[in-house]
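Peer 1: Each protein sequence line maps, in turn, to chains X and W.
Reminder that position 49 of the first sequence reads as 48 in numbering that gives the first Met the number 0, one-by-one numbering, no gaps.
Reminder that position 73 of the second sequence reads as 72 in numbering that gives the first Met the number 0, one-by-one numbering, no gaps.
Just to be clear, a hint being listed does not mean it is correct.
Facing chain W, a subset of chain X residues (Cβ under 8 Å, in silico) [to be verified]:
{"hint": "1", "residue": "Glu14"}
{"hint": "2", "residue": "Thr136"}
{"hint": "3", "residue": "Glu139"}
{"hint": "4", "residue": "Trp140"}
{"hint": "5", "residue": "Thr150"}
{"hint": "6", "residue": "Pro151"}
{"hint": "7", "residue": "Arg157"}
Hints are computed from structural coordinates only; laboratory data are not their basis.
Because the structure is a prediction, the values reported are computed rather than measured.
Think of the CB as a built atom: it goes at the ideal place given N, C-alpha and C, for glycine as much as any other residue.
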Amino acid sequence: MRSAITALGLIAAWELLVWLTDVPAYILPPPSRVAVILVQRADVLLEQAAWTAAEMVLGLALGLVLGAGLAVILAASAGWRRWALPLVIASQAIPVIAIAPLLVLWLGYGMASKVAMAALVIFFPVVSSLYDGLRRTDPEWLELARTMGATPHAVLLRIRLPAALPALASGARIAAAVAPIGAVIGEWVGASAGLGFLMTQSLARGQTPLAFAALFVLCLLGLALHHAVDRVARRLVPWQSFQGD
Amino acid sequence: MLDGHVVADRLSLDFTGGRTTCLLGRSGVGKTSLLRHLAGLLPGTRPVGPVAYMAQRDLLLPWLDVLDNVLLGYRLRGDPAARRAVEPRARALLDEVGLGDRLHHRPQALSGGMRQRVALARTLCEDRPIVLMDEPFAHLDAVTRFDLQDLAARLLAGRTVVLVTHDPLEALRVGHEIRVLSGSPFVVGPAIVPVGDVPRDPAEPALLALQARLIAELRSGP
């Protein structure tokens, strides 16, 4: 409720600013104008939003699976850890934006390069949060398991992994927040569809209100994705209660 | 040796089979290290035999229900047949600790005393001849602690139990034998064998006199 009031207040201030300064619409369109475009061009916006949403969701799924898989491998085997961990960290030293043109070159203008892009930005927060969680198992649980004669495999699967699920959940929340970045950067660099593509196209043609409308839809998509991931994450760790709920 | 610090030197201890021995000592004397040594949890040690270990914290896994927590050892050894075979016993044990109607509750829905009962049932479900207990009731309120001491004394009958505690009354209630640990590096005092069978009645004058003696002994040290 309060956030709705804040949003309405900001929109009103924006409208007032445009009205007072008389800035042209191709520089800063008033929100009322953006709202009109949102309705008028709803078909285009929805079509492009569906495309971007698919890129985000597929990228998120791919990044989560690859990231979680690698974290488990890193935690399970010291040999793999020595080889792979420096690579994982080094890979983060390269800005994703710098790889974007290469991905488009290799995977084409279609959806694949954007999915790869989103997966790439998601990958690291997922690996590092789950790997951290896997290393921070309550040592007394591990001791109890030892006195019970547990196999290392069972300890990983039945104690360390469930105990690390809250960490994976927070990694997934970060991933949901950055997934749109990956998808949109991919679309800026080279695409034939998507909200990012629509934005660059309409800005180039001086259709700034349409770019703002696309931005607004993108914002809604990001919020929806975050909300969905948050719900799944809570279901994943029902034994955890969150302060501030 | 613990972190380069000698906790005990050339220690040799015999525990009477099938009885409960309480190791009584003040905090920091090294009794937990001794117990962890027996459990094979210190670096370079092996367990003294087939042991079940019960710690001060209940260590219940929050994602498993009560019954699955009691069966944890069987889950971790990856033997589904043994797990199925032991399940009726796990249910019976939970009945005995008074939680027969809570089999499918999650640990966080239980009180501290109930959780420690589940931990006791899990320890017994392991069905090992040797049971090592590290101040298992220290966290509980006085009345719950008394109830659990009664319960443990009854259910642990026939096993070789080593129970570490800093509470003289607890040692007197559940221990067939009591040994006082004191000094640094610590020495183990002679076995004290109170009269009567466990769990002993705390109101007994002889017991209270013995408690006063133990407290005096813990205070003075060697």
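Peer 1: Going through the numbered hints above, which ones does this structure break? Give me the numbers in ascending order.
Peer 2: 1, 2 and 6
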